[in-house]
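K.L.:
Please model the complete structure; the sequences and the hints are all you need to start from.
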Amino acid sequence: MVTAVPARSTLFSSNGCSNNIETFRVAIHGLVAEARVPRLFFARRLPLLLAGYSPAAPFAAADVELAVVPGSKRGLWDVALANERFPDIVGADLAAQRVEWVIAKETVNRLPRFIHVHGAVVATANQSLLLVGHSGRGKSTTAVALAQAGLTLFTDDVALIGREDLRPVSVPRPIKLDRGSRMLLRRLGLAIPRAARLRESVSRVVLPGQPPPDVPGPPVTKIVFLAPERGERSELRTMIRPRP
Amino acid sequence: MRFIQQSLSEQFEMVGGGVSDGALAIIEAADCYELVVGPIEETVTRLIDLIEMQS
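Chains A and B supply the protein sequences, listed in that same order.
The opening residue of the first sequence carries number 2 in the numbering used here; numbering runs sequentially from there.
The opening residue of the second sequence carries number 7 in the numbering used here; numbering runs sequentially from there.
Some chain A residues well away from chain B (every beta-carbon gap over 10 Å; in silico):
id : residue
1  : A44
2  : K74
3  : F87
4  : R180
Partial list, computed: chain A residues near chain B (C-beta under 8 Å):
id : residue
5  : V118
6  : L131
7  : T143
8  : A146
9  : R164
10 : T222
11 : V225
12 : R234
13 : L237
14 : M240
The set of hints was computed from the structure by calculation and includes no laboratory data.
All of these numbers come straight from a predicted model, not from anything done at the bench.
The C-beta atom is built at its ideal place from N, Cα and C for all residues, glycine as well.
P.N.:
Next up, the structure:
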């Protein structure tokens with residue numbers, strides 16, 4: 002049985018570096034990501050999204066650096082990396098979400114020892130199962146429900162799987178659940194609180210019991226593709242392996 | 007066969023786009039299934055039965 006808690010700021014380092022700019026530093030599998038953001042607009046928002054990440058060592062050099070700066074008009078924000086820019090994001094809520102997404106994307110792309118897959122991973126003691134499907138097909142809901150049933154949840158979205166041994170490691174992104182997912186999970190006895198400070202329809206929660214990042218799970222032995230259609234009954238079909 | 011190839015191209019996208027050699031390696035090593043999601047309780051039961059089944 003797991004208990005969901007609202008995302009909140011406890012596990013990352015945040016060092017003010019000027020009157021108006023705040024710096025957030027998090028670590029993901031040995032890499033350090035650093036985000037400099039206007040304090041007034043992001044000091045409360047970003048911690049909700051970085052709640053599951055580990056703190057970065059105080060003096061470790063940043064592998065990924067980004068900054069949030071004002072966009073072309075009032076209320077618009079740019080998220081800027083050294084060689085890429087996401088311009089004119091509407092509102093600080095969306096900009097904060099973009100910051101967290103960029104941190105996750107840029108760091109996992111710098112981890113060649115892992116295969117990166119858009120999917121959820123849950124595991125027993127001996128086997129891991131990879132759930133693959135487009136956004137909205139139920140990866141997160143199913144993965145959280147499986148965690149509620151006693152499986153270990155490594156990720157609901159970005160899967161990192163060892164290239165050599167196919168063993169997954171956890172990814173600290175908060176889990177996104179929309180209202181429909183929350184209602185389904187409530188039927189299983191899992192109450193998902195809504196995020197209090199972000200104006201968005203989804204809740205972002207951190208589930209306790211996620212394995213530490215440096216502890217890999219058992220190898221992935223099964224992949225389940227989520228079909229585009231939904232049924233009155235759940236149906237599992239064996240898929241035919243292509244011939245070499 | 008066609009279906010699994012279709013799933014590879016349509017669903018098994020990498021973070022950052024495209025199907026990688028690594029993703030193909032997982033496909034080669036793992037048993038593959040398609041799930042039509044139904045009631046959540048039934049879906050959970052089916053997946054637990056599946057993951058507890060030895061490969």
